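**Student:** So the protein sequences, as listed, match chains L and X.
So the first sequence is numbered by the working numbering: it starts at 3 and just counts up by one.
So the second sequence is numbered by the working numbering: it starts at 1099 and just counts up by one.
Check before you lean on any hint, since a few could be wrong.
Said to hold, decoys possible - Here are the simulated DMTMM-like cross-link-like pairs (lysine to aspartate or glutamate), alpha carbons at most 25 Å apart as the crow flies: (1) X:LYS1250 - L:ASP57; (2) X:LYS1198 - X:ASP1296; (3) X:LYS1198 - L:ASP36; (4) X:LYS1266 - X:ASP1219; (5) X:LYS1250 - L:ASP55; (6) X:LYS1159 - L:ASP45.
These aren't lab readings, by the way, just hints derived from the structure by calculation.
The structure presented is a predicted model; accordingly, all values stated were derived computationally and were not measured.
As a plain string of letters, each chain reads:
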Amino acid sequence: MAHSDSGRTVVPRRSRAGATAAVDRSSRSWRRSDSVLWRQILDDVVLLPSESDLDPFALAGGAELWSLLRERRDLSALIASLYPGVQSSETRRDELLLLLSDLERTGAVEVTES
Amino acid sequence: MSMTVPASGAVARTLRSVCGLDLDGATSVSGPPLEESQWRELVATMKAERLEGLLAAAVAKGVLTTTAEQTNAVREMARARARLDLMLERECLWVAEVLKSASVAYRMIKGPALAHLVYPDPSLRGFGDVDVLVDPSRWDDAVFAIEAAGSKRLVAEIRQGFDARFGKDATFASPRNCQIDLHRGLVFGPYGFWVDADELFARAARTITLGGRELPVLGPEETFVYACYSAALGDDPPRIAALRDVAEIIFRTTLDVEVVTSLVCRWRGVAVIQRALQLVRRYLAVDLGESVVGQSFGRESIATWDRVLMATYRGPGRGYTSQLAGVVAIRGTASKMRYLVSLAFPQRSYLNSRGFTPVGFVGHAARRVRGRI
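All chains should be modelled from the sequences, with the hints used to inform the complete structure.
**Tutor:** Here it is in structure tokens:
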């Protein structure tokens, strides 16, 4: 699963300043929003929250994450599934949090505070 | 719009293989990646058919061997198609809300409905607009509601009152500039007039879920009949997507053949189903023989009168000839005359919206029809 701005992933993102808001949210869990429209294309996912006026955006290599988000999952569960047998690094954790935060902001995923 | 499918060669074999992906009896192909010119031909056809998602699935399943560059190209084009389809699905939700607010009964039909109803994955079936069948008795209310919500009709009514009495559909641009087709009937011409549109609303609707909301669609047998009408009478040559719709329904839906038979006998459409099945066999090379529908409609020859009528839906000027042929299905001399006068002498706003002068319209129709001779 990748998240880059190199022309493939186009999740609408916040500015750098906004990105710093991706703090530890281990008490949170995420799942797909019921109102999001989506398609899987190979290992990518294209998303459009139906209640927004956004343009559709792609989650390059995000098919596995999107599949996991069919059910509500917290960060630890997502990391364990996405990177089995690999020790979680702070960088990986922060990147995933940032991505989830971006998806949450677009309305593509719903978040629950436990 | 439709493409001429190559009749033979590597591209034709690959195309059949891709378009018949996961269908019973479809041919499979293996071998090295297509050469550049062949690849371009395949890609152009799949794009024109809005089947980029099916091409991506064929690559993912290894049915089609591609170079890394070709795989990337497929990924990009399938993603672009997905974006368009999702924007249209958002419009489906908008139209549904507008019609619901106006208390107009409707059914989502064609691309968006079929993609979610009969395909195992909606990305396999792209579409180009939003198609909605509305209760024919509420046609004017539906048009009013859509326009009041900010949509703009693209081609004016041919004559005042024509749509509510004889019309098949009307096309609008939504406030987000997506194309919305409101349908009052299934197809133009005689076979369209013979369909009792009220019957399409008689049975309880099934639903598809889009964006967490349930939208009504036609029953399975009505969906199948409509798919056959689209495949057999909609475009010439037929759209591959329309043929694939028919095959998908046959292979993935449980149909009550007695209900199908009853509907098409009442609607004089047995020959339309027969022709649709013939086209599916010819273009997709799938075997329908073992299916119940294939056994019920696949063996008898098509009657001469039906061959004549269906020929009006093909060839140059078919839009004019099929509508002209519609007169045979209209009851009453006065109604026939009113219909023919409307076709021959459209009102100014209709001509303007199509960019014709009165003389230019007649000349265009004559040239198109003459092209048949």
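**Student:** For each hint, tell me whether it holds in the structure or not.
**Tutor:** Going down the list of hints, with the structure as the test:
Taken as a hint, the X:LYS1250 and L:ASP57 pair is honoured in the structure, with Cα atoms around 22 Å apart against an allowance of 25 Å. With a C-alpha separation of about 18 Å, the suggested pairing of X:LYS1198 with X:ASP1296 holds against the 25 Å cut-off. With a CA separation close to 20 Å, the supplied pair X:LYS1198 and L:ASP36 stays within the 25 Å bound. For the given pair, X:LYS1266 sits about 30 Å from X:ASP1219 by alpha-carbon distance, which is inconsistent with the 25 Å threshold.
Our distance criterion of 25 Å between C-alpha atoms is met by X:LYS1250 and L:ASP55, whose separation comes to about 20 Å. At roughly 12 Å between alpha-carbon atoms, X:LYS1159 and L:ASP45 fall within 25 Å of each other, so this suggested pair holds.
Of the hints listed earlier, the one the structure fails to meet is number 4.
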